[in-house]
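Protein chains in written order, with this note's numbering: chain A, 1 to 346; chain B, 1 to 346; chain C, 1 to 609; chain D, 1 to 609.
FYI, nobody ran anything at the bench for these hints, they're computed from the structure.
Positions of the beta carbon are idealized from the N, C-alpha and C atoms, including for glycine.
Please note: incorrect hints may appear among the correct ones.
Estimated spans, in silico, between C-beta atoms of each pair [claimed, not checked]:
no., chain 1, residue 1, chain 2, residue 2, range
1, C, 164, B, 344, 24 to 34 Å
2, A, 25, C, 525, 37 to 47 Å
3, D, 607, C, 450, 53 to 63 Å
4, B, 307, C, 267, 23 to 33 Å
5, C, 466, D, 261, 40 to 50 Å
6, B, 189, C, 466, 31 to 41 Å
7, A, 221, D, 261, 53 to 63 Å
8, D, 484, B, 336, 44 to 54 Å
9, C, 267, A, 276, 50 to 60 Å
10, D, 484, C, 527, 28 to 38 Å
11, D, 95, C, 453, 28 to 38 Å
Each chain, letter by letter, is given below.
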Amino acid sequence: MATATVAPSKLNLIGLDKSDYKGNPSTLCAGCGHDSISAQIIQVAFELGLKPENVIKLSGIGCSSKSPAYFLNRSHGLNAVHGRMPSVASGAMLANRNLTAIGVSGDGDTGSIGLGQFKHIIRRNVPMVYVIENNGVYGLTKGQFSATSDEGQKLKYYGDNEYPAVDLCMEAIVSGCGFVARSFAGDPKQVRPLLKAAFSFNGTAVLDIISPCVTFNNNPDSNKSYEWVRDHDSPLHDISFVPVREEITVDYEPGETKAVTMHDGAKIVLKKLAGEHDPTDRMAAIMLLERSRTDNVLTTGLIYYNPDRDTVQDSEGMVATALALLPDEKLRPVRSTLEKIVASLC
Amino acid sequence: MATATVAPSKLNLIGLDKSDYKGNPSTLCAGCGHDSISAQIIQVAFELGLKPENVIKLSGIGCSSKSPAYFLNRSHGLNAVHGRMPSVASGAMLANRNLTAIGVSGDGDTGSIGLGQFKHIIRRNVPMVYVIENNGVYGLTKGQFSATSDEGQKLKYYGDNEYPAVDLCMEAIVSGCGFVARSFAGDPKQVRPLLKAAFSFNGTAVLDIISPCVTFNNNPDSNKSYEWVRDHDSPLHDISFVPVREEITVDYEPGETKAVTMHDGAKIVLKKLAGEHDPTDRMAAIMLLERSRTDNVLTTGLIYYNPDRDTVQDSEGMVATALALLPDEKLRPVRSTLEKIVASLC
Amino acid sequence: MSVIQSKVADILAGGNLGEVVNDFSLQIASANGSGSQTSNMVLVRALFRMGIPVSGKNLFPSNIQGLPTWYTIRCSHAGYVARQPSAPVVVLMNPETAIKDLAGLESGGVCFYPDDLKIDLSRQDVTYYPMPVKQLTSVPEVPRHLRTYIGNMVYVGVLAQVLKIEMSALEAALDWQFGGRTKLVNANLPTIKAAYEWAAANITKRDQYRVERMNATAGYMLVDGNAAGGLGSVYGGMTVTAWYPITPSTSLADEMSAFASTLRRDPDGKANYAIVQAEDELAAIGMVLGAGWAGARSMTTTSGPGISLMQEFLGFGYYAEIPAVIWDIQRVGPSTGMPTRVSQGDLFACYYASHGDTKHICLLPGSVNECFEFGWRSLDIAEQYQTPVFVLSDLDLGMNQWMTKPFEYPTEPINRGKVLTAEQVEKNGFRRYADIDGDGIAYRTLPGTNHPRASYFTRGSGHDADARYTEEPEKYRGNLERLRRKIELSREHLPAPVVEMTAGAKIGIIGFGSTDPAIIEARDTLTASGVQTSYLRIRALPSAASVVDFVRSHERVYVVEINADGQLRLILQSDMPELAARLRPVCMLDGMPFTAAWIIGQINSQEQK
Amino acid sequence: MSVIQSKVADILAGGNLGEVVNDFSLQIASANGSGSQTSNMVLVRALFRMGIPVSGKNLFPSNIQGLPTWYTIRCSHAGYVARQPSAPVVVLMNPETAIKDLAGLESGGVCFYPDDLKIDLSRQDVTYYPMPVKQLTSVPEVPRHLRTYIGNMVYVGVLAQVLKIEMSALEAALDWQFGGRTKLVNANLPTIKAAYEWAAANITKRDQYRVERMNATAGYMLVDGNAAGGLGSVYGGMTVTAWYPITPSTSLADEMSAFASTLRRDPDGKANYAIVQAEDELAAIGMVLGAGWAGARSMTTTSGPGISLMQEFLGFGYYAEIPAVIWDIQRVGPSTGMPTRVSQGDLFACYYASHGDTKHICLLPGSVNECFEFGWRSLDIAEQYQTPVFVLSDLDLGMNQWMTKPFEYPTEPINRGKVLTAEQVEKNGFRRYADIDGDGIAYRTLPGTNHPRASYFTRGSGHDADARYTEEPEKYRGNLERLRRKIELSREHLPAPVVEMTAGAKIGIIGFGSTDPAIIEARDTLTASGVQTSYLRIRALPSAASVVDFVRSHERVYVVEINADGQLRLILQSDMPELAARLRPVCMLDGMPFTAAWIIGQINSQEQK
Ligand SMILES: Cc1ncc(C[n+]2csc(CCOP(=O)(O)OP(=O)(O)O)c2C)c(N)n1
Ligand SMILES: Cc1ncc(C[n+]2csc(CCOP(=O)(O)OP(=O)(O)O)c2C)c(N)n1
Ligand code: SF4
Ligand code: SF4
Ligand SMILES: [Mg+2]
Ligand SMILES: [Mg+2]
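Hey, can you work out the whole structure from these sequences and the hints?
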């Protein structure tokens, strides 16, 4: 397998230890998929050498949304209200475009109450890594169906789900998202390069990660259970992330791989595993998701990639400096300008 | 052209005159697309012989949402809050499943503030005709961009739109909608059979009708203007509606037509105009919309049709009677049942 | 070693070795999700079955597994069921909190703990009882994966032995708990028995606390307010419920579903109702209003954040006059606050819900029995007044176990309010918003009414008596005034205040909701200490004129409520500006149910000023 | 014929033929979207340019084209700018309302109408002036598609001639209106002149009303409150605005955009701010809070329905302590109500926003000048107190034309509140919610602060002084109490009440916002009739202690407000229960700005009781 990540060392590129990226001890259930994802976020931030002080981590409400407390303690964190993390993240990235944002949400938080905000943050292309910890259930309120619960899914207290599942990757693509990936909390090898690539993407990068709820939705017949996903996972590619500072050194069979260059010059190298999928082809991406739905498989990997859209800050024609840090002179026009305006209103 | 509608007569099948279907005089701008749609609703309800007393008409807030006041005065109407008509309609159809519901909304009402509710009513498949009077602008608040404004669209006061348009037909399909059509307020011949078919559909039937705002968004360079649509309209089929009581009498060239049977036995006959499109193929429908987007044409007609989903009332296992009209005996269990429960709690 | 230490402590504690029977609180500390809930419920019901007045309160975290939780059981021969400031008997099942739990134990208290608990037990002034939890569960009969869970049955057995809970009562309670499913009973009972016997053989009782059979619970039931509210709604003819999960309101929807699914189905299994989980609270209230408009008896259940999200629609419902019932099971705010702790802090958010001038009918159940009653009554009131009606319960009332007299079958027939049929429209015509009867309540028709003149247009914008759009100042104002009159006139027709006048008392107490037991207990103690009080419990807003009379009859009136600002006091003051200064705050918010002691302290200290 | 009738009426009217100069209201009735707005604005500014105190109020429908609209211009040599109960001069440009408009005209009034208007003009007690609208616009110079629109210039010319408005003032006003764009001026001016000359040649003045140059507007400007608020925000250093269109707040965002786009750009054209149209109000306030948290000076503008939708987030902002400014340009509620009519009915919805116990700082501008001032000041206050701050303006103040002294350049430097730098964190450490200074305001850091101990976790759930999650009762309570103290201590630091004490007056009046002019006028009249009053205008909530002193100094205090329930009165009463009964309501809601006459009537009738 191609490993293009930083060689393990005690300190990373910016001289920090992995422990500088950790968070508080988790209070989630033992075995909860969400905790594996937090572990990968820590690992990836460490390996990428992200400066934690420059990262903001945001969430809504839910077990998943508690996660930001469990990684990157040196980053500012914000736990918003249920389903509305996207708007808060948008505001923060308007205030300071030089931050790196990661949002963590749940399937209920994003797919039920938050669907509108999810679609609209993508439309605006607010730069952030948007992780959905998708367990097909409301964990924190004890096991009701969410919008991503599969049709026919059974739950202990709530019986059968009668409604079709929202496919958040499909939703992201049709809303114009330029980075859409799906993965599985039980597959850190895939989660990590995808997360890294997402951090290199200058726009909204959506990662829909199936993250089993061991307490309320881990029966093998649930398509969000560890067992089901292991049986039905169909990874598109073997993915490696090549940071901007490194060369692609690993040998690949020609024709078998595709390198995708990110905004900051980093690359991800995709080695074909099954079928043919060009993640830069939007129509193909949509068709892939449609087929996965009808075939009842879980296609994972980088599903769609398009670096061409402007971010919200560029669309709004904003200065490169953080608005939050503008000096007073930039905030308040000089006295004479007001005098002119006053004169014009007389 | 195939005309399979009722022959014009003074009274319709249930003995009502067309004037029995009219509403109050419109207070919209002269030439507003919305008024043409109201006229078609009146015409269609008359021709179908809908019993107006059995119809409910609902809307959110906007110029479009005022429309229900301008048709079917003999029907109960409800003008809800902005963007939330879907939930109100859902509640009403749960209360009385034997009503026929038509909702009218705007692109702002449905695509901006109301996107979440729009997607979720479709997920539940609440039986109703859902008309979007899509003018790519906020009419009632005087000309701001809406979520369906095209990228690059120019508006008098608000400059250029920097964000991609929401395609409400695409949104409807991916949310599981079984009846998705697009049309143009300036093409009553197409609007009418589509509306009729929608009334025959037992589930959420979405009609995204481009309806120019003559006051704020009718410049020829706007893709929601009369002129642009006339130039870029690419109708899929020549459509005729054949009510359940009639036979298909018109001759078609074999292979050129397709008849689609609705829930109540009525049919729509689609005569191919351009290209090949099978509206019962979800993948094809999605691809068609994708292509129309990249080719910058407005594909109109019946885009997707699938009668197989349960309605919300069936999913919820409800009785056939209107809950609103249940007799008291059905509402209050007898005394002895309470005594048993009380005993069990002692 | 710890046994010896305990003995010493025992002796040192001295003096208070007199027995305490049926009058103490017991607290079990455990970790969330560890399964102790079943054991606790069994203990509560066993005491109840022994005829001892009892209440059970769960203090749990906003978490699914692992964080600390405390269950408190109070038994009181006098029938008091409020929380007490502390519990003299504790069970330390949670190593994480054991040190603090022990430190908090009062002198002379009793401490049960698993014998492998590794904490400093050097305190000499308490009695220790170690329990062989591991030993009793590491047996072949207990499947390995159930050992932690079944471990909780050990303390049931040990407590029973030491506190003298009857085994037969325990067995009955266990049977009840598992709904008679023998398999489950048999998985638990042996451990309880083993522990019971182990304790008989190994523990010498050295503390003062025990229980004893009484006859004070006959004719009572034990239930939580959410189940009561859900059941009441089912008997009230609820037909459409739309809701969104939120603690602590979820169990109301769940219980209602469970009851409805057996009580409200046709022989063919079809439901005479719909209970729909919405995508959020905005959609929930939208569905509820749509359903109410179309003639359903419709309702939702939520908590503070949901109430906030519903504000726009609530104003619409008020102004467009659509019946709806909104249960708010209050928790600590503002914002997410403490989702698993009690508060009475949403009065403003409900009574004045929405922008503009509004005032909404609020029902304030003070017991699980009233939860049941207001369950059916609220649906009548909503249809009668054609307006959203709130039922403000709270986490303590809603999720904890309370004794109650049996629920009374609805005493009044279903009231559908002023709904015109096609025949009535034909005969008398129809003017949607005309005040025909002078009570501010107009007649409505339901969609589908088979008459060409039965329809009207419902809107949140200005409308005249015929439901036509208007911006005319006088018409708008007239309509608003009718609305106001309608709500104003409801005062004397809503559940009346419960008043206990004490002749000659200068002090009045006003309360509502779940603080009732603490107030009752506080008054008894105050009386005993020579302080006479009258008591008025408000059960609805706007409140009846008798509240003004009550205030007028007392020099000082303390308004007791679990919130920081004294929201009820402010609402009452707005009804009686000339008496405003007589109303004094006894309010506070820290997430805990009030104790009688705290109320007494507040009143005494204010009286001394 | 109508000319003859008019003459008759003229003579019959008799008696009141004395001249009325610079002291009357003029009302132009037209159809929405017909273009009369330009004409009306030109008239207002022309009068202003003649040095005559003037105000202009647009009474428009919730509609884009066709429904009736009335524009009222008041000129008053005494400087009164409030609405008057009626206008003695009317222009009937709308055939649909002409009959009613004419019927409402007072006896002795003057009626201008297009000569092809087909209504009954038989009323004898008014003066009629027909205008040849068709004739003057059916000329080759006026392009066919502009004729309706330009037709409105006819009444400008005719009115000018009859009422003696100076042509030079008109020309200047026209030039101003079109921002000096000659082409547009030239499209309109000829018609005005033609009408002016036609009137000179064809009309004999037979009424009492006219204007005359004064020198009372020098040093004043004419502007609406939304432009003022937008401009003030630009000078206040607003950096992020997220908003959603809603009448009557939209023009605040629009004007702000226009000003910012010239005043707040770098030389390369890049913006030093972002103004983003959100998908709804929930997203708007979410963005505003996210931006405020990350260090932007952030704000939004909305109206009642938006405030309702924002409730959950507002509680979050309050509790998580995030600066934000929310403009509420109030319109008539509840629900959609009358979106184009004025109200002051959102005090409760803002002051007590969200479930749970909250109290929010509210600024209450009473003039366009204060709209400007509070524009910049609100951003300072929000950052200083780290909390959402409301600015409650209203439709009348926000969208109508008001005279004002020139805006004063901010008198204080930008205040960013207590923000720690990396260096400060290094030196003194950082405890996010600790009350270091005893004022309830803790220090914060901004995301991105380059120090490993600078971060903290922001949440709407229970947190301790170090921003750590907690459910501990005492910590929760302590934090809530600090929050309360913080807001409480703001009282004396917010814009102070404006007080005018009248020695010996037994009556006090309290008001706020756009009713100021009506109250001023009412007081003058009351004084003239021997009724002495003092006046206090509240400019912020929570209000300063001086308000209590004011109430204490008067026997009865009338609280004037445009809402049905008397929301300010109730809020004030809650601050002073012992004085509650002194506060009397002068409140009402019908969508119209108050007149002095109505206020006087209310006070007099209550005084007589
Ligand atoms: C406005 C509001 N409504 C409801 C809730 C209750 N609530 C908390 S978390 C949650 C659902 C969480 O589900 P999901 O986002 O899937 O997260 P998970 O717990 O499964 O990780 C709900 C409904 C809330 N906090 N706020
Ligand atoms: C909560 C809320 N926010 C804002 C508004 C103001 N508003 C009224 S209509 C409208 C937009 C209407 O646009 P659209 O739905 O496209 O309808 P159109 O007028 O274009 O037909 C807005 C923003 C409102 N009524 N309610
Ligand atoms: S309940 Fe489910 S989602 Fe929540 S912490 Fe436990 S396993 Fe994870
Ligand atoms: S503004 Fe536009 S959408 Fe509204 S009525 Fe006029 S033309 Fe129609
Ligand atoms: Mg989930
Ligand atoms: Mg529109």
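* To do: Please write out, lowest number first, the hints stated earlier that are contradicted by the structure.
  => Of the numbered hints, all hold.
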